[in-house]
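In the order they appear, the protein sequences are chains A and B.
Taken in order, the first sequence gives residues 1 to 208; the numbers are from the UniProt record's numbering.
Taken in order, the second sequence gives residues 1 to 186; the numbers are from the UniProt record's numbering.
Be aware that a few hints might be false.
Some chain B residues near chain A, calculated using beta-carbon distances under 8 Å [unchecked claim]: (1) W60; (2) N63; (3) V65; (4) P66; (5) T75; (6) Y77; (7) I80; (8) R82; (9) T83; (10) D85; (11) Q144.
Some chain B residues judged to face chain A by a derived CB distance under 8 Å, without partners named [as the list claims (entries may be wrong)]: (12) I26; (13) L56; (14) S59; (15) N61; (16) I70; (17) M76; (18) P81; (19) E86; (20) I145; (21) C146; (22) L150; (23) Y171; (24) T172.
If you are wondering where the hints come from, they were derived from the structure by calculation, not from laboratory data.
Quick caveat, the model's predicted, so the values are computed rather than measured.
Glycine included, C-beta positions come from ideal geometry on N, C-alpha and C.
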Amino acid sequence: MRENWRNTVAVFISIILGSVLIYIGTDGFRAFTAEAARTYKLVQEQPEFPSVTLEDSKERVYPFSEFEGKYVLLTFIYTACTDICPKLEMNLAEVYNQIPNKYIGDDIQFLSISFDPTRDDPATLKKYSSHFDSDEETWRMARVVDTTELNELLRKFGVIVIPDGSGGFSHNSAFYLVDKNGKLLDVMDYTKIDEATDEILNVLETEG
Amino acid sequence: MKKTGFAFVLYILMIISPIRNFIESIMIAHMLIQLPLLIFVGWLIGHFIVEKFHSLFNSWNINGVPGMIIVVFITMYWMIPRTLDEALTIGFMEVFKFTSLPVAGVILFDSWRRIGDLGKSFIFLNYLSMFGLMAWLYIDSPIQICNNYLTGQQRILGWGFLIITLAMALYTIQSVFTDHSEENVL
Numbered sequence: 001m002r003e004n005w006r007n008t009v010a011v012f013i014s015i016i017l018g019s020v021l022i023y024i025g026t027d028g029f030r031a032f033t034a035e036a037a038r039t040y041k042l043v044q045e046q047p048e049f050p051s052v053t054l055e056d057s058k059e060r061v062y063p064f065s066e067f068e069g070k071y072v073l074l075t076f077i078y079t080a081c082t083d084i085c086p087k088l089e090m091n092l093a094e095v096y097n098q099i100p101n102k103y104i105g106d107d108i109q110f111l112s113i114s115f116d117p118t119r120d121d122p123a124t125l126k127k128y129s130s131h132f133d134s135d136e137e138t139w140r141m142a143r144v145v146d147t148t149e150l151n152e153l154l155r156k157f158g159v160i161v162i163p164d165g166s167g168g169f170s171h172n173s174a175f176y177l178v179d180k181n182g183k184l185l186d187v188m189d190y191t192k193i194d195e196a197t198d199e200i201l202n203v204l205e206t207e208g
Numbered sequence: 001m002k003k004t005g006f007a008f009v010l011y012i013l014m015i016i017s018p019i020r021n022f023i024e025s026i027m028i029a030h031m032l033i034q035l036p037l038l039i040f041v042g043w044l045i046g047h048f049i050v051e052k053f054h055s056l057f058n059s060w061n062i063n064g065v066p067g068m069i070i071v072v073f074i075t076m077y078w079m080i081p082r083t084l085d086e087a088l089t090i091g092f093m094e095v096f097k098f099t100s101l102p103v104a105g106v107i108l109f110d111s112w113r114r115i116g117d118l119g120k121s122f123i124f125l126n127y128l129s130m131f132g133l134m135a136w137l138y139i140d141s142p143i144q145i146c147n148n149y150l151t152g153q154q155r156i157l158g159w160g161f162l163i164i165t166l167a168m169a170l171y172t173i174q175s176v177f178t179d180h181s182e183e184n185v186l
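In isolation and in its complexed conformation, chain B is listed as follows:
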């Protein structure tokens, strides 16, 4: 319940227009703070929602794969440079952003528990490569990709993606070694 309340407050805060406008005025904040936070809101209320629609999730998302596919598509959609622009210029798209991403968060909450270790690794590596691609795209592009953001901002976002990619790569390497040592101990 506490989590749901926190999610609610967080969501309201992000909708308040001065805060929203501020976050959206900085490209890296828009993509790497606002979008993940919206997913996080969904994740926080995930428990509450999944409990409510218990039977629905239990019968249609048994192994978590259908849910995970939806999550991947929704997040992929919001990584298309165009959608970032459209969220700023088309009111409907902003509403869609503020609904689709929390929904993705809820589904992620349910699916992540179900998907199993192999699935988790697959998804993790999938995002690692996707973020790497984004880093390359935004750093290397000689032209302005988003009409609402200057190329300087775009490059900063690229570096942000690169840092995330590197962190994820380090985590992967680290976890490989950790798993090994645990196996030896056991």
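One chain only, chain A, in its complex shape:
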């Protein structure tokens, strides 16, 4: 009978150990995919936007700190992308349209950053901007020309870009909200437009 007692204890121990394994492995049942884990970790860590030089569709060259004092909602794209980016940008446009005009430009800046600087020159970005009716001012499209800076940015913000072998890239997508001091505030699901809008409005309103 004593042996049976051990077996019963072992059952409980294995259930507990197993649950702990799954619990730790998923950040407390929050993140079942690496993407969710990445987002969760990013939001916990709030990395600062590294100092990179942008070149936008109007051929203006400036550092990211140009936007200091404003919130920045940004996406990572490449214009030759046919699947996810157009959807991502359409949704970004949707958010842009839902944010009241009084905030646009003064309190919040929209920015789409291309991680394909060789192909996405200012002319290409300009053309791409027109597809989404971006005004190239309050919603800018820009590339990071310097590869070292670009890689640093992608690494810090956890953007994984895999060349797919036929000139395209596979990459993870989201809305990134950066605060007035250049710190990453949140990574939002780009398919949930209303939720993202609400969150941004909330942040803007509490700031006054």
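Based on these hints, arrange chain B on the given structure of chain A.
For chain B alone, coordinates are given in the frame of chain A:
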């Protein structure tokens, strides 16, 4: 002894980085070849290990249920899409994969003998439904689930899971009929 030697060679082969990298570059090979083979390695050395720690297994895993629970949790853990990614990007996770799965194999070897027919059916059906769920997840997902694998690869894996699920379902149906006929003969 022969089995242990074979397991050892198999394990070494799978660790060699060109082979490992090749297997891991294909999602379906990573999940449906490498992971099961690692469990298989454990199963092969199971006899050797269980003999060595005879008293431990005999007193703590009498009916095989504790061991089976550990096996289910470890395999469930490695079916979480995230862990597949992490094995590729975090060195420690790769080591954990190469240790936890053979351990699961050893425990499986010991537990499977002990667990009884009812337990076996329960575990079998549990995995059947789990694989079915995986098939649905990987085939139907519109988004990329693993950051290191493209959606095309993900869909292939889903079909792999579907084939396994169907094979298991067919086996179940077949065994139901076989058991019946044997009963009639006897």
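Hints and how they fare:
Hint on W60 (chain B) holds. Least Cβ distance to chain A is approximately 4 Å, under the 8 Å limit. Because the smallest distance between the Cβ of N63 (chain B) and any Cβ of chain A comes to about 6 Å, under 8 Å, the interface hint for this residue holds. The criterion of a C-beta within 8 Å of any C-beta in chain A is met by V65 (chain B), whose closest approach is roughly 6 Å, and the hint holds. Taken as an interface hint, P66 (chain B) checks out: its beta carbon lies about 4 Å from the nearest beta carbon of chain A, inside 8 Å.
Hint status for T75 (chain B): violated, given a least beta-carbon distance of 10 Å to chain A, over 8 Å. Interface restraint check for Y77 (chain B): the shortest CB-CB distance to chain A comes to about 6 Å, inside 8 Å, so the restraint holds. Hint status for I80 (chain B): holds, given a least beta-carbon distance of 5 Å to chain A, under 8 Å. Taking 8 Å as the C-beta cut-off, the interface hint given for R82 (chain B) holds, the closest approach to chain A being about 5 Å.
A distance limit of 8 Å between C-beta atoms decides the matter here; for T83 (chain B) the minimum to chain A is near 6 Å, and the interface restraint holds. A cut of 8 Å between beta carbons decides the hint on D85 (chain B): the least distance to chain A is about 3 Å, and the hint holds. Look at Q144 (chain B): its Cβ gets to within about 7 Å of chain A, closer than 8 Å, so that hint holds up. Taking 8 Å as the C-beta contact cut-off toward chain A, the hint placing I26 (chain B) at the interface is violated, the least distance being around 14 Å.
Because the beta carbon of L56 (chain B) sits about 10 Å from the nearest beta carbon in chain A, more than 8 Å, this interface hint is broken. Checking S59 (chain B) against chain A: minimum C-beta separation of about 5 Å stays under 8 Å; hint holds. Interface restraint check for N61 (chain B): the shortest CB-CB distance to chain A comes to about 6 Å, inside 8 Å, so the restraint holds. Contact between I70 (chain B) and chain A, as hinted, is supported at the beta carbon level, the nearest pair being about 5 Å apart and thus within 8 Å.
Using the Cβ-Cβ criterion of 8 Å, the hint placing M76 (chain B) at the interface with chain A is satisfied: the shortest such distance is roughly 7 Å. Taken as an interface hint, P81 (chain B) checks out: its beta carbon lies about 5 Å from the nearest beta carbon of chain A, inside 8 Å. Residue-level restraint check for E86 (chain B) holds (minimum Cβ-Cβ distance to chain A is 6 Å; threshold 8 Å). The beta carbon of I145 (chain B) comes within 6 Å of a beta carbon in chain A, closer than 8 Å, and the hint placing it at the interface holds.
Taking 8 Å as the C-beta cut-off, the interface hint given for C146 (chain B) holds, the closest approach to chain A being about 6 Å. Contact between L150 (chain B) and chain A, as hinted, is supported at the beta carbon level, the nearest pair being about 5 Å apart and thus within 8 Å. About 26 Å separates the beta-carbon of Y171 (chain B) from the nearest beta-carbon of chain A, more than 8 Å, and the hint is not met. Contact between T172 (chain B) and chain A, as hinted, is not supported at the beta carbon level, the nearest pair being about 25 Å apart and thus beyond 8 Å.
The structure is inconsistent with the numbered hints 5, 12, 13, 23 and 24, although it conforms to all the rest.
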